[in-house]
Amino acid sequence: MNKITVVGSINLDTTIRTEQFPKPGETIHSKEVFTNGGGKGANQAIAAARNGAKVNFIGAVGNDDGGKALVDLLEQDGINTSGIDHLTSVKTGSAYVTVDDSGENSIVIYGGANQHITNEHILDNQELISSSNYVIAQLETNLSSIEKSFEIARESSVLTIFNPAPAPDLLPKKIIKNTDILIPNEMELETISGRKISTEADLIKTATEIHNLGVKILIVTLGSKGAFYSISEGKNGFVSAYKVNAVDTTAAGDTFIGALASKLSQDLSNIEEAIKYGSKAASLTVQRYGAQPSIPYETEFVI
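At position 276 of the sequence shown (counting the first as 1) the number is 276 in full-length UniProt numbering, and the numbers step up by one without a gap.
Only true hints are included.
Computed cross-link-like contacts, BS3-like style, restricted to lysine-lysine with a CA-CA straight-line distance of at most 30 Å:
| hint | residue 1 | residue 2 |
| --- | --- | --- |
| 1 | 205 | 225 |
| 2 | 174 | 3 |
| 3 | 3 | 54 |
| 4 | 31 | 68 |
| 5 | 177 | 235 |
| 6 | 216 | 235 |
| 7 | 216 | 205 |
| 8 | 54 | 276 |
| 9 | 23 | 196 |
| 10 | 173 | 205 |
| 11 | 235 | 173 |
| 12 | 177 | 276 |
| 13 | 54 | 68 |
| 14 | 91 | 54 |
| 15 | 205 | 177 |
| 16 | 205 | 174 |
| 17 | 54 | 177 |
| 18 | 216 | 173 |
| 19 | 196 | 177 |
| 20 | 91 | 174 |
| 21 | 174 | 54 |
| 22 | 205 | 243 |
| 23 | 216 | 174 |
| 24 | 225 | 196 |
| 25 | 177 | 3 |
| 26 | 243 | 196 |
| 27 | 3 | 68 |
Label pairs and their calculated CB-CB ranges:
| hint | residue 1 | residue 2 | range |
| --- | --- | --- | --- |
| 28 | 86 | 186 | 33 to 39 Å |
| 29 | 237 | 123 | 37 to 43 Å |
| 30 | 273 | 75 | 28 to 34 Å |
| 31 | 170 | 86 | 32 to 38 Å |
| 32 | 27 | 195 | 33 to 39 Å |
| 33 | 233 | 156 | 20 to 26 Å |
| 34 | 243 | 31 | 21 to 27 Å |
| 35 | 156 | 72 | 25 to 31 Å |
No lab work stands behind these hints, which were simulated from the structure alone.
By construction, the Cβ of each residue, glycine as well, lies at the ideal position given by its N, Cα and C atoms.
Turn these sequences into a full structure, and let the hints steer you where they fit.
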């Protein structure tokens with residue numbers, strides 16, 4: 001069983017279903033509105049836990065009803081929430097998700113407590129990191145919390161997984177130097193690299209540049225086209241996506257990362273099998289509405 005610590009965001013999601021996205025200045029009717037647990041960090045933690053990993057979470061929520069409910073959702077999946085700080089000065093993070101009839105989404109995030117994780121809080125919970133096999137982080141929290149977490153992980157020989165989302169214009173140098181596995185989607189990779197990714201040659205060239213920064217493995221999620229992976233030793237390849245009828249792509253990438261990490265071996269030798277597992281989990285997620293309610297359990301499918 002992999003031991004995973006997620007340093008990341010916890011959001012209360014409000015999802016709005018529409019026939020199509022509104023144009024600027026346009027008012028349209030929604031088909032449905034509902035709230036559920038979200039945040040890239042929390043989604044990834046739940047995906048890992050539901051697929052067999054032992055998971056710790058380090059993050060922050062406000063001292064409000066939303067924060068308490070979101071922490072309770074994590075605990076329902078057996079996640080250790082002792083590393084979550086309850087802050088009185090800011091509100092719990094939130095996200096507003098619009099989903100159209102094709103299953104695509106657009107998301108607006110209010111960071112709230114996610115942006116107020118201190119280095120002291122990370123240090124108070126460094127035992128959670130140092131006793132893990134993997135540490136996962138994204139970019140919905142303040143950079144300093146990720147930097148400190150990855151520094152502790154590297155000092156403890158714990159492998160790090162970095163999901164650069166929302167995509168930065170440049171990879172944060174202090175984070176990337178301590179990143180073992182980088183997992184962007186295609187759009188995030190284009191933002192990071194500053195070039196259009198149109199061909200396999202583009203992917204390979206960009207992967208080489210990222211490996212030169214010290215990253216061992218690059219995995220690029222390509223939506224319905226599957227995933228591309230590259231290992232610093234020179235091996236690369238594609239894993240096909242599972243063909244399904246997608247109704248909501250929210251949390252698909254998060255499910256992929258959490259499920260993959262739950263099955264990835266310590267020596268990284270089963271990377272292709274772990275990608276296939278993550279892809280299968282994500283294919284179930286996109287057939288359901290919402291973020292955390294859509295994330296599957298290991299018992300739901302067989303690879």
